[in-house]
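Engineer: These protein sequence lines map, in sequence, to chains A and B.
Taken in order, the first sequence gives residues 49 to 95; the numbers are from our numbering.
Taken in order, the second sequence gives residues 291 to 656; the numbers are from our numbering.
Derived from the structure by calculation, the hints contain no laboratory data.
Accuracy of the hints is not assured; some may be wrong.
[Stated by the list, open to error] Here are the computed lysine to any residue pairs in the SDA-like style, where the Cα-Cα straight-line distance is at most 25 Å:
1. K91/A with T585/B
2. K67/A with K340/B
3. K67/A with A598/B
4. K91/A with F375/B
5. K404/B with L646/B
6. K591/B with P94/A
7. K67/A with K557/B
8. K91/A with H587/B
9. K91/A with A598/B
10. K332/B with L322/B
11. K434/B with Q313/B
12. K332/B with K623/B
13. K557/B with W95/A
14. K91/A with N599/B
15. K67/A with A564/B
16. K562/B with T585/B
17. K91/A with K591/B
18. K591/B with L487/B
19. K340/B with W95/A
20. K652/B with V641/B
21. K623/B with F375/B
22. K67/A with Q568/B
23. K591/B with K67/A
24. K91/A with T77/A
25. K67/A with D461/B
26. K652/B with T418/B
27. K434/B with L544/B
28. K591/B with W603/B
Note that the coordinates shown come from a computational prediction; the quantities given were computed from them, not determined experimentally.
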Amino acid sequence: MTTSDATVEKKSEKSSATKISWDTWAVLTAFVAALLIRFGVVKHIPW
Amino acid sequence: MSETFAIPQVKQVQVKQAQPNLQFLRVIPGILLLAAIGYAGKLLEQNVGKYAKSHHWIFPNIEYVLWAILLGLAISNTVGVPAIFRAGVSTYEFWLKVGIVLLGARFLLGDVLKLGGVSLALVAIEITGAIAFMTLLGRLFHLKPKLTTLLAVGSAVCGVSAIIATQGAIDADEEDSSFAIAAILALGALALFTFPLIGHALHLSDHAYGLWAGLAVDNTAEASAAGALYSDAAGKLAVLAKTTRNAMIGFVVLAYAIYWAGQGQAKTVKNKAAFLWQKFPKFVLGFLLISVLATYHFFSKDQVTALANLSRWAFLLTFAGVGLRTNFREMRKQGLRPFAVGAIGEVAIAVFTLGLVIGAQKIWGW
């Protein structure tokens, strides 16, 4: 993040308290991925 | 930790019914760039060592984490990041948080409570000491009081996110927060290269080093990277310690908001519980919930391995983003005094937290 990115981020924070936050999107994404793995839709993640 | 994910905007989607997904498409080039750099880092880790060995060269084993950061730094500080990639590159913190939540599967709840308890005690000492020291330094260097507050919060708690959260809460100037953010980012970039060297020089265990990186490095992305540069186990501990620190953000920002409101220089906080919830990093709850699920065997062993690997991929995108967003020219423009205060403060905090960790290591025998 550059300082200009941070400024954009600050403005977007001020403009919309009702928007879903980064944190919440991240948690939702992680849980969807976890459930896909748990219920066998995704069986293997290579590394 | 209350950054907004600016891409899926409800109003714009309603207006542009015919093109509902176009806003989302803006991030794809940058995400692909993060993935390409991260994967290149992984390939370089696997192949450079082999190549050097086959040619009988002496070459240090450089991990994918450092390769990804170095590739990103090279692009950012030479040709720059083209505009088409910027929206996607700025999602690197999103991938960091996805990675942290998924990493919860590798911690059993008992470990989280035990390590988190130790981290919490050390974090409380670190935050108190760091805020007191940074406030003193700000006064000595005659920095503006609100800039001092931003630097203190940034170095004591949670880097850029803490500064952004505090700036809104205490009505600080945008220029002040830009100074503070630049100082914290520059020092985070330095920590990436110095912390692993110091850790190896002092022969710190993975446990002690990870805890130190999580306590002393300010931005979550840099703390995770500094930990992972040492070892996988140190990376896990660094994330846990840093997450514990992040969880404190609401309390520190609230305290400053009340202080500045008392001085008549910020709005009064009416609903303190709502304020704390708004500032609380939600990914900490996600991390704990996944850890609870893993503890009660909701996931099989193979599934935990798959989740851990997915977490590594998310971190890979993050590390590429750390390099890509670090632009030394832009940081230099922000001026020397805030950087000097930040640098002196960071060195003092690093030494202080190192002492704390070494003391804790002796007590708990890690």
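Engineer: Against each hint, give a clear statement of whether it holds in the structure.
Structural biologist: Going down the list of hints, with the structure as the test:
1. Among the hinted pairs, K91/A with T585/B is consistent with the structure: their alpha-carbon atoms are about 20 Å apart, no more than 25 Å.
2. Simply put, K67/A and K340/B have alpha-carbon atoms about 48 Å apart, too far for the 25 Å limit, and the pair is violated.
3. For the proposed pair K67/A and A598/B, the alpha carbon gap of about 29 Å is over 25 Å, so the pair is violated.
4. At most 25 Å may separate the alpha-carbon atoms for a hinted pair to count; K91/A and F375/B exceed this at roughly 31 Å.
5. Of the pairs offered as hints, the one joining K404/B and L646/B holds, with about 17 Å between alpha carbons and a cut-off of 25 Å not exceeded.
6. Distance restraint check for K591/B and P94/A: the Cα-Cα separation of roughly 15 Å lies within the 25 Å cut-off, and the hinted pair is therefore satisfied.
7. As the CA atoms of K67/A and K557/B are separated by approximately 22 Å, the hinted pair is consistent with the 25 Å bound.
8. The hinted pair formed by K91/A and H587/B meets the criterion: a straight-line CA distance of about 17 Å does not exceed 25 Å.
9. For the hint linking K91/A to A598/B, the alpha-carbon distance of about 13 Å falls within 25 Å, and the restraint holds.
10. Proposed proximity of K332/B and L322/B is supported: the alpha carbons are some 15 Å apart, at most 25 Å.
11. The suggested pairing of K434/B with Q313/B is violated, with an alpha-carbon distance near 39 Å, which exceeds 25 Å.
12. Note on K332/B and K623/B: the hinted pairing is violated, with a Cα-Cα distance of about 33 Å set against a maximum of 25 Å.
13. Taking the CA atoms of K557/B and W95/A, the gap is about 49 Å. The hint is violated against a cut of 25 Å.
14. Note on K91/A and N599/B: the hinted pairing holds, with a Cα-Cα distance of about 12 Å set against a maximum of 25 Å.
15. A hinted pair counts as satisfied when its Cα atoms are at most 25 Å apart, and K67/A with A564/B qualifies at roughly 16 Å.
16. With a CA separation close to 33 Å, the supplied pair K562/B and T585/B exceeds the 25 Å bound.
17. A distance of roughly 12 Å separates the Cα atoms of K91/A and K591/B; the hinted pair therefore holds under the 25 Å criterion.
18. A threshold of 25 Å between alpha carbons decides the hint, and for K591/B with L487/B the separation of about 34 Å lies outside it, so the pair is violated.
19. Between K340/B and W95/A, the direct Cα distance comes to roughly 18 Å. Compliance with the 25 Å bound is thereby established for this hinted pair.
20. Between K652/B and V641/B the CA atoms are separated by roughly 17 Å; this keeps the pair inside 25 Å, and the hint holds.
21. At most 25 Å may separate the alpha-carbon atoms for a hinted pair to count; K623/B and F375/B meet this at roughly 23 Å.
22. Distance restraint check for K67/A and Q568/B: the Cα-Cα separation of roughly 12 Å lies within the 25 Å cut-off, and the hinted pair is therefore satisfied.
23. Under the criterion of a C-alpha separation no larger than 25 Å, the hint pairing K591/B with K67/A is inconsistent with the structure, at around 36 Å.
24. At most 25 Å may separate the alpha-carbon atoms for a hinted pair to count; K91/A and T77/A meet this at roughly 17 Å.
25. Among the hinted pairs, K67/A with D461/B is consistent with the structure: their alpha-carbon atoms are about 21 Å apart, no more than 25 Å.
26. For a cut-off of 25 Å, the pair hint linking K652/B to T418/B stands: about 22 Å separates their Cα positions.
27. Restraint check for K434/B and L544/B: satisfied, since their Cα atoms lie roughly 20 Å apart, inside the 25 Å limit.
28. Only pairs whose Cα atoms come within 25 Å are accepted, and K591/B paired with W603/B is accepted, the gap being roughly 19 Å.
In this structure, the hints that do not hold are numbers 2, 3, 4, 11, 12, 13, 16, 18, 23, in rising order.
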